[in-house]
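Taken in order, these protein sequences are the chains called A and B.
Residues in the first sequence are numbered from 0 upward in steps of one, following numbering that gives the first Met the number 0.
Residues in the second sequence are numbered from 0 upward in steps of one, following numbering that gives the first Met the number 0.
Do not take every clue at face value.
Think about it this way: if two alpha-carbon atoms lie no more than 30 Å apart in a straight line, the pair counts; the simulated DSBU-like pairs of lysine-lysine are [said to hold, decoys possible]:
{"id": "1", "chain 1": "B", "residue 1": "Lys141", "chain 2": "B", "residue 2": "Lys10"}
{"id": "2", "chain 1": "B", "residue 1": "Lys141", "chain 2": "A", "residue 2": "Lys357"}
{"id": "3", "chain 1": "B", "residue 1": "Lys149", "chain 2": "A", "residue 2": "Lys365"}
Each pair of labels, with its calculated beta carbon distance range [unchecked claim]:
{"id": "4", "chain 1": "A", "residue 1": "Gln336", "chain 2": "B", "residue 2": "His6", "range": "45 to 53 Å"}
{"id": "5", "chain 1": "B", "residue 1": "Leu145", "chain 2": "A", "residue 2": "Gln75", "range": "45 to 53 Å"}
{"id": "6", "chain 1": "B", "residue 1": "Leu145", "chain 2": "A", "residue 2": "Trp434", "range": "52 to 60 Å"}
These stretches of chain A come out as covered by chain B in the derived footprint (C-beta under 8 Å, 3 or more residues) [stated by the list, open to error]:
{"id": "7", "region": "359 to 373"}
{"id": "8", "region": "450 to 463"}
Simulated from the structure, these hints should not be mistaken for lab results.
Quick caveat: nothing in here was measured; it's all calculated off a predicted structure.
C-beta: ideal position from N, C-alpha, C; glycine also.
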Amino acid sequence: MQSLWLYLYFPSLQLDTLLEQMRGQGVEERAYVVVDQQANRVCQLNAFAYSAGIRLGMGLASAALLHRDLQVIAYQDDVTQGRLEDIANSLYLITSDICFFKPHGLLLRVHHMLGLYGGLKAYWQVLKNQLAEQHVHYHYATGYSPLAAEMLARVGKNCVSDDQSWLHKQVLNCVLEDCQLDNNVTNKLSRVGIKTVADLLAISLHDLAQRFDNNLATYIGRLTASLAHPMVFYHPPEYFSRYLELLYEIENTQFLLNPLQQLFRTLETFLRTRDLITHAVQLRFYQRDHPPLECQIGSQQGEYKMAVWLSLSRLKLESLQLNSPIYALNLSTNNTQVRSPERPDFFTGKQGTVSRLKLLSLLQAKLGEQALYQPRLVDDFRPELAVQAAKLAKQGNITMPLYALRPSFLLPQPCPLQKKVRLIHGPERLNTGWWDHHPVIRDYFIARTPQGQWWWVFKSPEQHWYLHGIFS
Amino acid sequence: MNPILEHLKNKNLLWQGQQRILQSDANSTGFSDLDEQLQGGFPDQGVVDIHSPFGIGELRLLCPTLVLRQQRYDESLLIFIAPPLTINSEMLGEFGLNLEHTVVIQTSSVHEVLWSTEQCLKSGCCHTVLVWQQDLEIAQVKRLQLAAEKGQCVLFMLRQSKADSLPLPVTLALKLTPHTRGLNSQITKRKGGWPSGPFIIPMQQYWPELSIADSAQILHFEHPHSHVG
Chain A
0 MQSLWLYLYF PSLQLDTLLE QMRGQGVEER AYVVVDQQAN RVCQLNAFAY
50 SAGIRLGMGL ASAALLHRDL QVIAYQDDVT QGRLEDIANS LYLITSDICF
100 FKPHGLLLRV HHMLGLYGGL KAYWQVLKNQ LAEQHVHYHY ATGYSPLAAE
150 MLARVGKNCV SDDQSWLHKQ VLNCVLEDCQ LDNNVTNKLS RVGIKTVADL
200 LAISLHDLAQ RFDNNLATYI GRLTASLAHP MVFYHPPEYF SRYLELLYEI
250 ENTQFLLNPL QQLFRTLETF LRTRDLITHA VQLRFYQRDH PPLECQIGSQ
300 QGEYKMAVWL SLSRLKLESL QLNSPIYALN LSTNNTQVRS PERPDFFTGK
350 QGTVSRLKLL SLLQAKLGEQ ALYQPRLVDD FRPELAVQAA KLAKQGNITM
400 PLYALRPSFL LPQPCPLQKK VRLIHGPERL NTGWWDHHPV IRDYFIARTP
450 QGQWWWVFKS PEQHWYLHGI FS
Chain B
0 MNPILEHLKN KNLLWQGQQR ILQSDANSTG FSDLDEQLQG GFPDQGVVDI
50 HSPFGIGELR LLCPTLVLRQ QRYDESLLIF IAPPLTINSE MLGEFGLNLE
100 HTVVIQTSSV HEVLWSTEQC LKSGCCHTVL VWQQDLEIAQ VKRLQLAAEK
150 GQCVLFMLRQ SKADSLPLPV TLALKLTPHT RGLNSQITKR KGGWPSGPFI
200 IPMQQYWPEL SIADSAQILH FEHPHSHVG
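In isolation and in its complexed conformation, chain A is listed as follows (with noise of 0.2 Å):
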């Protein structure tokens, strides 16, 4: 079989993504560019910036005498990295192998694909409306080589085909400078008089050997499709977690609900397709001048929706108290399950607008987890260890035989009794714990003040009179 490869360039990653956060906001007519601070060259801009003037490769100096109102925003890899891997993602949804071309390209094995797809014109137009989601820039073209495809497409071909000769014409006529040669044999081959790829395919491997380095005939070969182009294909990761990074500080907590639902549609989109549920997220908010901000939003009902997980976390920002302004955001999960659909009775005449574990995450997220507890039992005869709040969890209560009267509420602490009682009950005797450094030696009475309140009063041995509940 022939190979055959497409190569996806994406010029401007980390500007379409700053940019879509603020769609339908007027950035359209604004003159946005990312610039690489260390070489001080303008390396990603917006239309509107081009047609002030500006291009690619530019120093910051002159960009900015170009347009009066310039937005300039620092190029940061890893926003280029992650978007590229969200891509990557998405278009593992149909194509099967992905190898990355760092930082700004992916390059796609076609022709194990072409089968699946009937056809080139098929499999591009599928690829198209999958990349059309992702709302950036790109440039393509197919090659039968991954060098030869990767050339064409930076040089912005946007072609795609399987005729091997055309695709070989387009090749050769491309100038050296197309090659992603290091910049002295580019210099060197210039010299000789070498300008575009026709010529240096014009010379015998064997003579260019002598002169130049082992590098340029690995080059060769690997564009000519004679030598093997060594790839890692891509594997997609088995959670979620995803990176934001936003346009302008957000220091109002209720501002970060529109970033938040971007991220949530992505956790949707990833957990959909895979038809898994998670129920916690992590979100961590990186302040300027302070730590992150860590948090987490839990689901007892697993859950995969973005509105869900919107409202939870709404109710959650409500008490977020933030030291400095927030930059950027990270979602996370690493807990997904496969979903199982609840099947609410259908017969049954009460039908409630929320389910159980629904409202008991709704109350979490609001209030807190410590705020929500199920009363337990736990099998002592000391009542401040026999009683139990625990976490809400799924935990079947033990069974136990329970003894004689006990009060409603419990205090804390067993305090001095300061007030006249009447004893009305009692006394029941307990005399337990010596085992565990925790002995209890008390006469339980009931007692009735002249309020007409029904108190449980103890003896100690030391005949102190505590109480320690109340028959509510």
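Following the hints, put chain B in place on chain A, whose structure we already have.
Chain B alone, transformed into the frame defined by chain A:
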């Protein structure tokens, strides 16, 4: 009949003096005297306002109702919101409540108490909510009442009586005072019925230890329980 009156009557918003609505036995409070006064028992949904000093047996009065309701709506939740002290699970378990379907919400701010009460009521997955909240406004109670109707849930509000408290738009209001054999009680407000005079709810059948027989003036030592571990 006037069509507006008929409409209101059909929607059960209007009742006539001679009519006495007999509710089903399923709502029985577990105390025959109270059942008689309420013509059946506590309402199936709505807000019940209970005015009582703390610790005289106001929660115990509700215990049989809670158990019955839990048995009836077995997968639904029973929720306690903002109890003044730790709820003793031993007592709940002793009375036969299933603790797995019981949740306690402990929060101190009034806003959060009311918010969580409303959420629980309208969720439709709780059968009974108990809330300890002293001060309530008419608009807030009205809102809780609507939420309780939406979720077909009953809300018991346990409050200490105050002299200057306003009458609230509740389904049923009870006033409790201590009594040697149980509770002294009075229905102060009731939707679809008349308020009652004071009457006694004897509670010896469930808690013989928590009552004083009128003749008994001395301490009893008949059943000394002793647990030595």
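Each hint, compared with the structure:
1. B/Lys141 x B/Lys10: Cα-Cα ~18 Å, so holds.
2. B/Lys141 x A/Lys357: With a Cα-Cα distance of about 25 Å, the restraint between B/Lys141 and A/Lys357 holds, given a limit of 30 Å.
3. B/Lys149 x A/Lys365: holds (22 Å)
4. A/Gln336 x B/His6: 45 to 53 Å: holds (51 Å)
5. B/Leu145 x A/Gln75: 45 to 53 Å: 52 Å Cβ-Cβ, so the 45 to 53 Å window holds.
6. B/Leu145 x A/Trp434: 52 to 60 Å: holds (55 Å)
7. 359 to 373: With 9 residues in contact (Cβ-Cβ under 8 Å with chain B), the coverage given for the region 359 to 373 of chain A holds.
8. 450 to 463: holds (count 5)
Of the numbered hints given earlier, the model fails none.
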